Every structure is written in structure tokens, then in C-alpha cells.
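Going down the list, the protein sequences come from chains L and G. Residue numbering for the first sequence follows our numbering, beginning at 1 and increasing consecutively. Residue numbering for the second sequence follows our numbering, beginning at 1 and increasing consecutively.
Note that these hints are calculated values from the structure, not bench results. Everything numeric in this text was worked out from a predicted model, so none of it was measured. Where hints are given, some of them may not hold.
Stated by the list, open to error - Listed below are several chain L residues computed to face chain G (Cβ distance under 10 Å; list not exhaustive): (1) 48; (2) 61; (3) 67; (4) 69.
Backbone N, C-alpha and C define an ideal beta-carbon position, used for all residues, glycine too.
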Amino acid sequence: MLCERISEIIYRYPDITDDEMLLLEKHIAECETCRDALEEKKRVLELASAYRPEPVDEMEWAYFQDALNRRIDSLTRRKSAVLHALLAVETGILVLAFGVFISSKNRTPSVEVTSKEVASCEEDEFGEALIKYAESSFPLEERLALLDEYELSLLAESIEKRCGGE
Amino acid sequence: MEKGVEDRLVELARKGDKVAFSKLVTTYREKIYNFCFYLVSDKSDALDITQDVFFNAYRSIKRFKANSSFYTWLLSIARNRSADFLRRRKPENIEDIPLSQPDNTQSVDDNRTRLLVRASVDSLPAKYREVLVMRFYGGLKFAEISELTGENINTLKTRFYTALEHLRKRLRRYV
Ligand SMILES: [Zn+2]
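In isolation and in its complexed conformation, chain L is listed as follows (with noise of 0.2 Å):
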């Protein structure tokens, strides 16, 4: 009875109160199959936590740092080419940025624009031209991404400027 008790204990050991602790260590002294279990249990627990993370040096955390930092200030230059032609729109031009050419990552991105399209701001011209800005270049999920708050609320009130209340 009492040694079910103590094998539910030792399940969730390390895991258990001061109080499972205390019978615990008052019914291991006396019953030898319990004692076993226990012994056992810390063992495998000593193995498992001997298992370490394969180290990293300091020299491969300065390529991981390089590496990151390239990746963050693509991310910034693609962010401003973004921002720039939604400012583009606020002029009432719309400049439909195609072929944006981040090609691999080891090289420099730059952004070409190698078509404009002025478009007069009816709602759905304007609508449209904003989806095929959203569908160029980068997937549309990366590219909302891009956008910060501050970028989302310029590119929602250049819409309402232009669009609004007609």
C-alpha cells in the first residue's frame, strides 16, 4: 500500500513537496525495493542532465553576430525603399516599384524602380495598384512585416487623403 504510495512519489521526483520528501526518506530506509527505485531514478537523472549543448566559441558567435547583423541591415535598407514610395503615393504619384532584386544574401540588395505608373486616386485604380505594390518584389507577408506602425498609419492616412470622402 504504503510502497504504491512512495512509487507515485518517486514518478514525479525531483518534482515533489517537503512533506513527500519527509516519507519519502522515512520509507526508504526501511523498505530496499523503494530504496532501488529511488537510486535509480537520481541516476538516470544525473545521465540526462550531463547531456550538454554542444559549445560555441567565441570565434563562431562572432560569425553569428556578423551574419545577423547583415541580415538586419538588409531588412533596414528593403524597410526604407518601402517607405520611400509609399511617400511617393502621399505626392499623389503612385510609383509602382518593380523588381526589387535582393538576390543573394551575401550580396547587397538595391532597389530598382524600372516602371512608374501615375494613377489618377479613384478608389479602385488606387486600390489596385496597391495590391500589385503588395504582391511585388517580396511575399506579401514579408512585406507587411516591413511596415511599422508609424509606416502603417502614413500609408492608411495617405489612402483617406486621397481617397476619402468621395
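With chain L fixed as given, assemble chain G with the ligand onto it according to the hints.
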């Protein structure tokens, strides 16, 4: 890192301060790497995922709620990234990993330990491995794991004890 200092760095990073962000990276990269390593059991994969974690953290830092812990937030990104990675990775047959037979010596060398435990941890279903890693290797409280995973504390406890029992059954021959 002191909470006040960290809050300030997070605040600066939210405004796009790259130096502040890289201080946060230096503070947490090893912890995040360790966490990913236990989940994917490979150094180079764990480093790649760690880089993704920080890249995504930088990208979405405005979505981080200042009242929660930055480390826990990073862990939640790491958890999602690792899960994506594991879904994509072809399941490897862990029975193929060579396990040397137990010998008479009491001490277990590092490499053998790694293989033995790795095989045992790897053989756990993802949900069990995750709670084992967070609790046993990461030292997180069940309440924190619950916050991260959205799972009920009792469910997590049951999974954790089951995972430990699985390790015991697999490793008992070697201890
Ligand atoms: Zn007993």
C-alpha cells in the same frame, strides 16, 4: 542583466537602435541556442534557428509587450521556429544511432552520454520533448511553460513526468 537596464535596452531597440538590440542578443544568444539545441539536437541547425529567432525578434519587437519578460518572448519565438524546423526535417530513425553497450566502468564519457541521452530525448514525441526541455534543461516553472504554450499546467506536469519515465526506461540499462 538587471531588469531596469534590460527594459531600457528593449525600449531603445523598439526605436530601431541596433547597438541596444545587439546587447540584448549577446545577453540571450547562448540561452536561446541551448534551448534550440535540446529541441533539434544539432549544433549548426540550432545556431541557424537562433539567428532566425533574433532576426524575427528585431523585426517584430514592436509587438513585444513591455510588461512581459523579454526572455520568455524570445523563447516563444524559438519554440515556434524549432517546431517549424522539426516539421520540415525528415524524421531520422533514432534506432540507427549507434549505442555502445554498457561497460563495467562507472564513468560515462561525454560523447557516449550525449548519444545515449540524445537518442532518448529525440525519441520523445514533440510535445513531450518540449516540456522536458523547458522544465528539466531550461529550469522554467510550469506556470511559465503554461504561459508560453497555452497548455494547462496539469497537462504539462503529466507530460513531463511521462517524459522522465520514458528516459528512465531507456537509460536504466546504462546507469
Ligand atoms: Zn516500498
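Going through the hints against the structure:
A cut of 10 Å between beta carbons decides the hint on residue 48 of chain L: the least distance to chain G is about 5 Å, and the hint holds. Given the 10 Å rule on beta carbons, the hint for residue 61 of chain L holds: about 7 Å separates it from the nearest Cβ of chain G. Annotation: residue 67 of chain L was flagged as interfacial toward chain G, and the flag holds, the nearest CB pair being 6 Å apart, inside 10 Å. At its closest, the beta carbon of residue 69 of chain L sits 7 Å from a beta carbon of chain G; the interface hint therefore holds under the 10 Å criterion.
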